[in-house]
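J.: Chain by chain, the residues:
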Amino acid sequence: AQKVTQAQTEISVVEKEDVTLDCVYETRDTTYYLFWYKQPPSGELVFLIRRNSFDEQNEISGRYSWNFQKSTSSFNFTITASQVVDSAVYFCALSIRGNQFYFGTGTSLTVIP
Amino acid sequence: DAGVIQSPRHEVTEMGQEVTLRCKPISGHNSLFWYRQTMMRGLELLIYFNNNVPIDDSGMPEDRFSAKMPNASFSTLKIQPSEPRDSAVYFCASSPTGRSNQPQHFGDGTRLSIL
Chain H
1 AQKVTQAQTE ISVVEKEDVT LDCVYETRDT TYYLFWYKQP PSGELVFLIR
51 RNSFDEQNEI SGRYSWNFQK STSSFNFTIT ASQVVDSAVY FCALSIRGNQ
101 FYFGTGTSLT VIP
Chain L
114 DAGVIQSPRH EVTEMGQEVT LRCKPISGHN SLFWYRQTMM RGLELLIYFN
164 NNVPIDDSGM PEDRFSAKMP NASFSTLKIQ PSEPRDSAVY FCASSPTGRS
214 NQPQHFGDGT RLSIL
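Each protein sequence line maps, in turn, to chains H and L.
Going by our numbering, the first sequence opens with residue 1, and the numbers climb by one from there.
Going by our numbering, the second sequence opens with residue 114, and the numbers climb by one from there.
These are calculated hints, taken from the structure and not from any lab test.
Be aware that one or more of the hints could be misleading.
[As the list claims (entries may be wrong)] Capping the alpha-carbon separation at 16 Å, the derived lysine to aspartate or glutamate pairs in EDC-like fashion look like this: (1) H:K70 x H:E26; (2) L:K191 x L:D176; (3) H:K70 x H:D29; (4) H:K3 x L:D176; (5) H:K70 x H:E59; (6) H:K38 x L:D176.
[Unchecked claim] Selected chain L positions facing chain H (in silico; Cβ < 8 Å): (7) T151; (8) M152; (9) L158; (10) D169; (11) E175; (12) F178; (13) A201; (14) S208; (15) S213; (16) N214; (17) H218.
Yeah, the Cβ is synthetic: ideal placement off N, Cα and C, and Gly gets one too.
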């Protein structure tokens, strides 16, 4: 069975702090894809990044970085120098065969000015 | 480029009424998904279509829910009769193909309140 666990329900940080959002996944498939989405207070879901199971290179995009480790089945998301605009709910998702996504329960991040 | 378009953005109706939610996927996308989001259950996949054909409707809660995709540019999710427990945000998403490596692109959602 497929499963995505985001153990952190809510996180609060002060602006400019770094924060890491954890994502642990379960699957027996050897080919799979992992995604992160952001849901700001306005409610829409915004695609942030995709990673496939054969590419363990970390990725950095501005203040965002992602650490994929197959050995621990984790795909963690770090925001450096957080800003108030980063306040949102962040979802991790797993996709295997077909295009059905398995979403985690989300982590609500609040950045305090 | 236009994203996924959902209508209405908000719907408030009384219990027992029929509700129809609409979705226009991104042009050229072949897969379409309906999700429901609540505080208690998070994001739930209700049904998804590939090339207008329903592939998996196992997430549809019960017979009161039905979804159609008459053509590649339009889909509806209907609840009849509606109940207060159906109150949620309903999202439509589309992706270019039915392959697992494709991100899903979400609409802004319909916030449904059943009184």
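J.: Hint by hint, say whether it matches the structure.
T.: Structure-based check of each hint:
1. H:K70 x H:E26: 10 Å, holds
2. L:K191 x L:D176: Holds, at roughly 10 Å.
3. H:K70 x H:D29: 12 Å, holds
4. H:K3 x L:D176: The hint is violated at about 27 Å.
5. H:K70 x H:E59: Between K70 of chain H and E59 of chain H the Cα gap is close to 15 Å, so the pair holds against 16 Å.
6. H:K38 x L:D176: 32 Å, violated
7. T151: Violated, about 11 Å.
8. M152: Where the cut-off is 8 Å and the nearest Cβ of chain H is about 10 Å from M152 of chain L, the hint is violated.
9. L158: Holds. Min distance 7 Å.
10. D169: 7 Å, holds
11. E175: With Cβ-Cβ at 20 Å, over 8 Å, it is violated.
12. F178: Violated: closest Cβ of chain H sits about 18 Å from F178 of chain L, beyond 8 Å.
13. A201: 12 Å, violated
14. S208: Status holds, d = 6 Å.
15. S213: Holds: closest Cβ of chain H sits about 4 Å from S213 of chain L, inside 8 Å.
16. N214: 5 Å, holds
17. H218: Hint on H218 of chain L: holds, closest Cβ of chain H at ~6 Å, below 8 Å.
Of the numbered hints stated above, those contradicted by the structure are hints 4, 6, 7, 8, 11, 12 and 13, listed in ascending order.
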